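Student: As given, the protein sequences belong to chains A and B, one line each in that order.
Start counting the first sequence at -11; every next residue gets the next number (this note's numbering).
Start counting the second sequence at -11; every next residue gets the next number (this note's numbering).
Hints are not guaranteed to be accurate.
Unchecked claim - Across the chosen pairs, the derived CB separations fall in these ranges:
# : chain 1 : residue 1 : chain 2 : residue 2 : range
1 : A       : ALA6      : B       : ASN34     : 58 to 68 Å
2 : A       : ASP139    : B       : LYS66     : 43 to 53 Å
3 : B       : GLU176    : A       : ALA(-1)   : 15 to 25 Å
Derived from the structure by calculation, the hints contain no laboratory data.
If you're wondering where the values come from, they're calculated on a predicted model, not measured in any experiment.
Ideal Cβ positions, reconstructed from N, Cα and C, are used throughout, including at glycine.
Chain residues, written in single-letter form:
Protein chains: 2
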Amino acid sequence: VGSVKAAVAEALVAAVPASVFVVPGHPIAGTEQSGPDAGFAELFQNRWTILTPQARDDDAYLEAVQRLADFWSALGAKVERMDEKHHDLVLAVTSHLPHLIAYNIVGTAADLEEVTQAEVMKFSAGGFRDFTRIAASDPTMWRDIFLGNKDAVLEILGRFTEDLQALSRAIRWGDGDKLYDLFSRTREIRRGVIQAGQESAEPNFGRDRR
Amino acid sequence: VGSVKAAVAEALVAAVPASVFVVPGHPIAGTEQSGPDAGFAELFQNRWTILTPQARDDDAYLEAVQRLADFWSALGAKVERMDEKHHDLVLAVTSHLPHLIAYNIVGTAADLEEVTQAEVMKFSAGGFRDFTRIAASDPTMWRDIFLGNKDAVLEILGRFTEDLQALSRAIRWGDGDKLYDLFSRTREIRRGVIQAGQESAEPNFGRDRR
Chain A
-11 VGSVKAAVAE
-1 ALVAAVPASV
9 FVVPGHPIAG
19 TEQSGPDAGF
29 AELFQNRWTI
39 LTPQARDDDA
49 YLEAVQRLAD
59 FWSALGAKVE
69 RMDEKHHDLV
79 LAVTSHLPHL
89 IAYNIVGTAA
99 DLEEVTQAEV
109 MKFSAGGFRD
119 FTRIAASDPT
129 MWRDIFLGNK
139 DAVLEILGRF
149 TEDLQALSRA
159 IRWGDGDKLY
169 DLFSRTREIR
179 RGVIQAGQES
189 AEPNFGRDRR
Chain B
-11 VGSVKAAVAE
-1 ALVAAVPASV
9 FVVPGHPIAG
19 TEQSGPDAGF
29 AELFQNRWTI
39 LTPQARDDDA
49 YLEAVQRLAD
59 FWSALGAKVE
69 RMDEKHHDLV
79 LAVTSHLPHL
89 IAYNIVGTAA
99 DLEEVTQAEV
109 MKFSAGGFRD
119 FTRIAASDPT
129 MWRDIFLGNK
139 DAVLEILGRF
149 TEDLQALSRA
159 IRWGDGDKLY
169 DLFSRTREIR
179 RGVIQAGQES
189 AEPNFGRDRR
C-alpha cells in the first residue's frame, strides 16, 4: 500500500524474486494520523481501494490479484483497478495537491508579521482549520510522496497556479461574474462527492466513528 | 454581521442617522451551508465572535457595544474586539484565502482532461473532499467578500503564491529537507488550533451536533 505507485512498483518488482506476486494497492481512506493506533474498525467502510496490478495475464497472478481484491472487499472497501501511471495522476489531484496547498497555506499564515499565530489559531473556524488538519499529516511520508510523484505533482500544480493567477486577476479587476461562475461550478463537484458516498452534508461530515 | 468590515462599516455609518449605534460584528462559526435551516443550537458554542466597534468613547455607545458582547456570550461565543482593518486582514488569512484556494483547486480538478470528474469524486477521501466542502459555500456571498476585501486578499494571496513557488522549486530539485522542515512546522499550528478548542483530533473533528 502507499500513495505513489509507478516508481515504487518498478523498484519492488526489480528487487523481489520472479516467483513473488507484486500487486500494488492504495486504500483511499484515513485521517491525518498514522500508525496502528490511528486505525478504527470502520476506516475502510465505503472507501475506495485502488489496485494497480502489473500487465500480466497468467492465471496465477490474476488469481493473486483477485484474492487481494476480495481481502479489501471483506474490509468494507470498494475496489478499482487502474494503470499505475494513471493512479499517480489521479492521486496527484485528489490527494497530493490538496496536501501541498494545505501545508503551504498553513506555512504562509504562520509566517505573517501583521497577524499573530495565536490569532490564526483562535479564528481558524472560518475555513483555515480544515487545512491545518491536512497539514498535520506525517512529514516523512509526505516528503517522500512529493519526491516520488514529482512529475505528476508539478504538472497538476502548474495548472492550479495558472488558474489561481486568473482568479487573482478577476479579484483585482472586480470581475464579479467570473468569480460567481467558478464558485457556482465548484458546488456541483461537492454534490458529486456527497452522491459518491465519500462525505455527508452534516457539520461533522458523516465521519462519526460509530 | 459579515466577513468584511472596513468597507461595509464605512458605508453603513454614512447611511444611518447619527443616533443609531453601529457595532459591526462577525461570528467565526458555521458550515458551508447558509440560511436559517443551516443553523443549530451549538453553532456558536466555543467559537469566537469579533466585534469591531467604532472609535468612539461616549458612554451610550460603549454601553451598546457591551450589550452586544453580552448577547454573543449568552449564545456561548467568546468575544474579541479589534480594529476593523485588522479584522479584515485576520479574516483574509483564516477564511478568505482558504476559500479562494478551495474554490480554485476544485475548479482545477474539474477541468482536467486526463482525470475524469467521476474519478475526482470517487477518490476524494485522500484530502480533496475537505476542499469541496469549503468550495460549496454560497457563491454570491463569496463573490462579494472577495470584492469587498480585495486589498487584504490580494496581499495574502501574493505571499501564498510566493511560498508555493518555493515549494514547487523544492519538489523539482528534490530538496527533501526543505519539504520536511515545512511539513513539521505546520504540525505545530495544528496543535495550537486543537489547544485553542477550535477543533478536536477525532476523525469527525469534534463536530458532532450533540
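Student: Give a verdict on every hint.
Tutor: Quick rundown of the hints versus the structure:
1. ALA6(A) / ASN34(B): 58 to 68 Å: holds (59 Å)
2. ASP139(A) / LYS66(B): 43 to 53 Å: For LYS66(B) against ASP139(A), whose Cβ atoms are near 47 Å apart, the range 43 to 53 Å holds.
3. GLU176(B) / ALA(-1)(A): 15 to 25 Å: Taking Cβ atoms as reference, GLU176(B) and ALA(-1)(A) lie about 33 Å apart, which means the hint is violated.
Of the numbered hints stated above, the single one contradicted by the structure is hint 3.
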